[in-house]
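From first to last, the protein sequence lines stand for chains G and P. Just so you know, this note's numbering puts 97 at position 97 of the first sequence, and the rest follows in order with no gaps. Every position in the second sequence, counted from 1, becomes a number in this note's numbering once 1000 is added.
One or more of the hints may lead you astray.
[What the hints assert, rightly or not] Rough simulated footprint, nothing fancy, chain P against chain G, three-plus residues with beta-carbon under 8 Å: (1) 9-22; (2) 45-58; (3) 64-72; (4) 106-119.
[Unchecked claim] Computed far set for chain P versus chain G, every beta-carbon distance over 12 Å: (5) N1006; (6) S1025; (7) A1054; (8) D1076; (9) N1087; (10) G1124.
Don't read these hints as lab results, they were simulated from the structure. For clarity, every value in this text was computed on a predicted model and none was experimentally measured. Backbone N, C-alpha and C define an ideal beta-carbon position, used for all residues, glycine too.
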Amino acid sequence: MGLLTAQHTAWIGHEDPAIHVEITRRDIQKYSAATEQQQARYLKGDEAPPMFVFNLFSAIPQLADLRQDGLARSTTGGPSLPLKRTMAGGTEVRQHRPIRPGDVLTGTRKIVDMFEKQGASGPLIFTVRSLRVVDAADRLVLEEIQTGISR
Amino acid sequence: MSLDINTLKVGDSLPERKHTATNVSLFMYNAAVWNHHRIHYDERYTIEEESHPAVVIDGPLQGDWLSQVALNWVGDTGRLLSFNYSNRRAAYLGDTLTSGGRIVEIDKETGQVQLELFIRNGDGNIITPGQGLVEIDRQEAD
Chain G
1 MGLLTAQHTA WIGHEDPAIH VEITRRDIQK YSAATEQQQA RYLKGDEAPP MFVFNLFSAI
61 PQLADLRQDG LARSTTGGPS LPLKRTMAGG TEVRQHRPIR PGDVLTGTRK IVDMFEKQGA
121 SGPLIFTVRS LRVVDAADRL VLEEIQTGIS R
Chain P
1001 MSLDINTLKV GDSLPERKHT ATNVSLFMYN AAVWNHHRIH YDERYTIEEE SHPAVVIDGP
1061 LQGDWLSQVA LNWVGDTGRL LSFNYSNRRA AYLGDTLTSG GRIVEIDKET GQVQLELFIR
1121 NGDGNIITPG QGLVEIDRQE AD
């Protein structure tokens, strides 16, 4: 243990630049088909399922900026961790209103916690990020807490 | 189906559903969310470099399937206010996962129902537990 240094944890509180996304019916339809949605409002693209926001407010890296594992080298706004293999750890979502085609949303991600745990097959580093999504009128649309695991 | 909060009981089960990811479905999902992490499509890399037994089913995809248990149950008679899940154990291409849940609390004053949700693997282990809070619309009086 003791993998996280003060340099790593100094990133707690770091906020990525806000990302603006225009929501299209076609993107909702693609997501809904890929996730086998069953509600007509999602399949028609009238409304986005809540998990549609996953990765929606991440910067789009250039091919030259990808690491060997296919993830972005420098666009996630976080420290270079000593454990490089990453996996999703979980999510909390609170939705204030549905996301619909035509919405212009702004998402802001922030590192809110970093900690270590000993897993069954070795140490794990948890990075917890918040996401706050507002609409063009600055009204809150969705809040998310997402945990990433490095092993 | 229309839900009436007065007929619900703590312990009631929500309909279960099976999900079997394929190379094609994982490609579609990762294209839709623009996720280029190789563990979700490159089998050789995933096994040789990251020591997984097979291509990994995305944790957020399991989170979506888990949220659908509540979304499909409440349908047009209410809304999913919040939910959470924790990816406790990885799932792999070839696994058949089962999503489901049950009612753990009912508040007839507010119309809110607390759900316990899960993704279970083929061995019967819950690999992604979660919770959901739904609000059910009040029935119109006759």
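For each hint, the structure was consulted:
1. 9-22: As far as the segment 9-22 of chain G goes, the hint is violated, because 0 residues have Cβ atoms under 8 Å from chain P.
2. 45-58: Answer holds; 7 residues pass the 8 Å Cβ test.
3. 64-72: holds (count 5)
4. 106-119: violated (count 0)
5. N1006: With a cut-off of 12 Å, N1006/P remains clear of chain G, as the shortest Cβ separation is near 24 Å.
6. S1025: violated (7 Å)
7. A1054: Since the minimum Cβ distance to chain G is about 14 Å, A1054/P lies beyond 12 Å and the statement holds.
8. D1076: violated (8 Å)
9. N1087: For N1087/P, whose nearest Cβ neighbour in chain G is about 5 Å away, the distance does not exceed 12 Å, so it is violated.
10. G1124: holds (19 Å)
Hint compliance for this structure: hints 1, 4, 6, 8 and 9 are not met, and every other hint is.
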